[in-house]
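My request is simple: use the sequences and hints to build the entire structure.
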Amino acid sequence: MKKYWVIQRKSYSYLIDKKTTLALVLMAFVALFLMLISIGVGEMYIAPLDVLRALTGSGIDMNQLIVMEFRLPRVLVAFIAGASLALSGAILQGVIRNPLASPDMIGITGGAGFAAVSFLTMFSDDSNNLIMSINYLPAFAFIGATIVAFLIYGLAWKDGVTPIRLILIGIGLMALFQALTTLMMLMGPIYRASQATIWLTGTVYGTSWKEVKAMLPWFVIMIPVLILLVRRLNIQVFGDDLTKGAGIAVHRERFMLLMACTALAGSAVAFAGAMGFVGLIGPHIARRISGSSFGGLFPASALIGGIMVVLADLAGRTLFSPLEVPAGVFTAAIGAPYFIYLLFKNQ
Amino acid sequence: MNGILRNTHIKTVGLLIGLVLAFMMIILSVVLGYTDTTLAMAIEAYTAFNGSNEHLIIQLSRVPRALVGMAVGISLGIAGVLMQALTRNPIASPDIFGVNAGAGFFIVFGVTFLGITPVQQFMWIGFLGAAVASGLAYLLGSAGKGGLTPVKLTLAGAVMAALFASLTQGMLVTNEKALDEVLFWLAGSVEGRKLSMLATVMPALLIAWVISILLSRQLNAFALGEDVAVSLGQKTILFKFLAALMVILLAGGSVAIAGPISFIGIVVPHFARYLVGNDHRWVVPFSALTGGIMLVAADIGARYIIMPEEAPVGVVTALIGTPFFIYIVRKGIFQK
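Those protein sequences? They're chains A and B, same order as listed.
Here our numbering is used: the first residue of the first sequence is 1, the next is one more, and so on.
Here our numbering is used: the first residue of the second sequence is 1, the next is one more, and so on.
Check before you lean on any hint, since a few could be wrong.
Some, not all, of what chain A presents toward chain B, calculated at C-beta under 10 Å [unchecked claim]:
| id | residue |
| --- | --- |
| 1 | R165 |
| 2 | T201 |
| 3 | S292 |
| 4 | S293 |
DSSO-like, lysine-lysine: derived pairs with alpha carbons at most 27 Å apart [claimed, not checked]:
| id | chain 1 | residue 1 | chain 2 | residue 2 |
| --- | --- | --- | --- | --- |
| 5 | A | K244 | A | K158 |
| 6 | A | K158 | B | K240 |
| 7 | B | K331 | A | K244 |
| 8 | A | K3 | A | K18 |
| 9 | A | K3 | A | K19 |
Treat the hints as calculated values from the structure; they're not laboratory data.
Positions of the beta carbon are idealized from the N, C-alpha and C atoms, including for glycine.
See the structure below:
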């Protein structure tokens, strides 16, 4: 019996460990179970079985309303945002060949943050009302992320782009955008500043089906793209020389991968705010489960990222209730120590 | 590497010119701004005070901020030189290594949970935060295979900065009053600081300036590599400890009064090395002066960007500093 499942056609090849597949199925169950719990827990507790009933449309009206209108979209947004961020981090760590890279570290999230805060400040009138619908905020954030990605790429270009230049330029730009974000917050009224802070920390508070509908297409489109990218990333990891040797246009590929990474991070940040550390830590945890071949790493990262944010949101809603703490605080609080552990483990 | 100022005479002259420039900057900073004032008024404010608006502004606002800006700029310049020499990393500086973010976190923590309001108290917490954050970044960067490489240290610093930033935001989300109080501080500014605040940190900063200048010979030896430094009779461990302590004093003190001001620490040492070459006996004083001049100049600029409101000076330094930072990175110091 072979150890791997391989799907191979002319333009793509997808290889996945059989043991990993088992782990993935298990993880998917864990994720579903957690989402079920998270839907049930809140101001009004609903038992998991009742949640299931409500989901299938056979529950009592009250539960039906709470589950379908409030809790389910929120949990879905949390999961998709987490999955997107972790996938984005997995791609970036492959491209930059550095396990410490992540979209929040190189300014992509920072660009989105600046765009979002600018939106809140510039489109507020004197009496603090937004003159443009808040629905446009995600679009702004997404554009911000894309612009920064192009900036990083363009500024790091010098006879091609080396991973180290990418990340250092990214760190520099991150500092710049942080400063600009603060400037924007100062220029606007304090009420907006506090709204912006919540967004910058990352939260899925108050999300509805509208957000789910806006996010889902991005995520779904990215799945086939990622499948196509798998074998390219698998070889990028070995370094520029070997990649060239395999007949791949290194720089064009790197650009494409960076864009995929931005699209994922941008859409997540647009709807769930600048949730920190998921893009950094998600892929690391996933790698321990799936190994570092991207065929297994992508689905594993997506699941781990999703689980992380769902858990963080659950913690944020319950631990300090009635106070709601943004989920981003918990992803950072879990992510940073884990990162420290990672650094020491390699000693 | 030689700088463009080659012999000792020219360097001495350069240093004197720097002193004059620094003094002129302070005067400009006192005179320029939203309220029209003249040099004569500034002098009268101290010799023949008449309680007019202009005199009050000069005494209570302009003069303090000029002096605070100068002191903070000098400290950040020296801190940058020390960090870059210690870590042999040309983009080392308090902000990139998360020292500023650490101090910010501790201060916001103090305001939110311990109810600390007088800004004087910020200083001690700021020191503590700066010490913890720089210690952590150093520890993290040196962990793992291959020890402390510049890139690793930079990344470790960036991660610590991100951690502290999101924890800070988390606290601010739950406390709008604290947000209002610390927002301007978080952006980095020398506006509205009282002379008494400067007086509290000044002893620490002064001591650190003097010791840093005394350490500059040792920095030269250290720059040759640790083995060489040891064989030249340097007590390397003691030296590293002392230099790191100076960084904490300088960065912590600065961040405590002015908030996190970015990029001065990176840019200034490069400029100083461009002028005088690699001899730290010159680089340290030149960086100090350039830092002071740059920060006060940036602060003057900050008054004009979004007039009649004021931009925090940290934003201006970031605007000037980022292009320079990108230039350093592109120059290709980090091939490996």
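Against the structure, the hints:
1. Hint status for R165 of chain A: holds, given a least beta-carbon distance of 6 Å to chain B, under 10 Å.
2. Of the supplied interface hints, the one on T201 of chain A holds, with its beta-carbon coming within about 4 Å of a beta-carbon of chain B, less than 10 Å.
3. Nearest Cβ of chain B to the Cβ of S292 of chain A: about 16 Å, over the 10 Å cut. The hint is violated.
4. Hint on S293 of chain A is violated. Least Cβ distance to chain B is approximately 22 Å, over the 10 Å limit.
5. Simply put, K244 of chain A and K158 of chain A have alpha-carbon atoms about 18 Å apart, close enough for the 27 Å limit, and the pair holds.
6. Taken as a hint, the K158 of chain A and K240 of chain B pair is broken in the structure, with Cα atoms around 36 Å apart against an allowance of 27 Å.
7. The hinted pair formed by K331 of chain B and K244 of chain A meets the criterion: a straight-line CA distance of about 25 Å does not exceed 27 Å.
8. The straight-line distance between the Cα atoms of K3 of chain A and K18 of chain A is roughly 6 Å, inside the 27 Å bound, and the hint therefore holds.
9. For the proposed pair K3 of chain A and K19 of chain A, the alpha carbon gap of about 8 Å is at most 27 Å, so the pair holds.
Violated hints for the displayed structure, listed by number in ascending order: 3, 4, 6.
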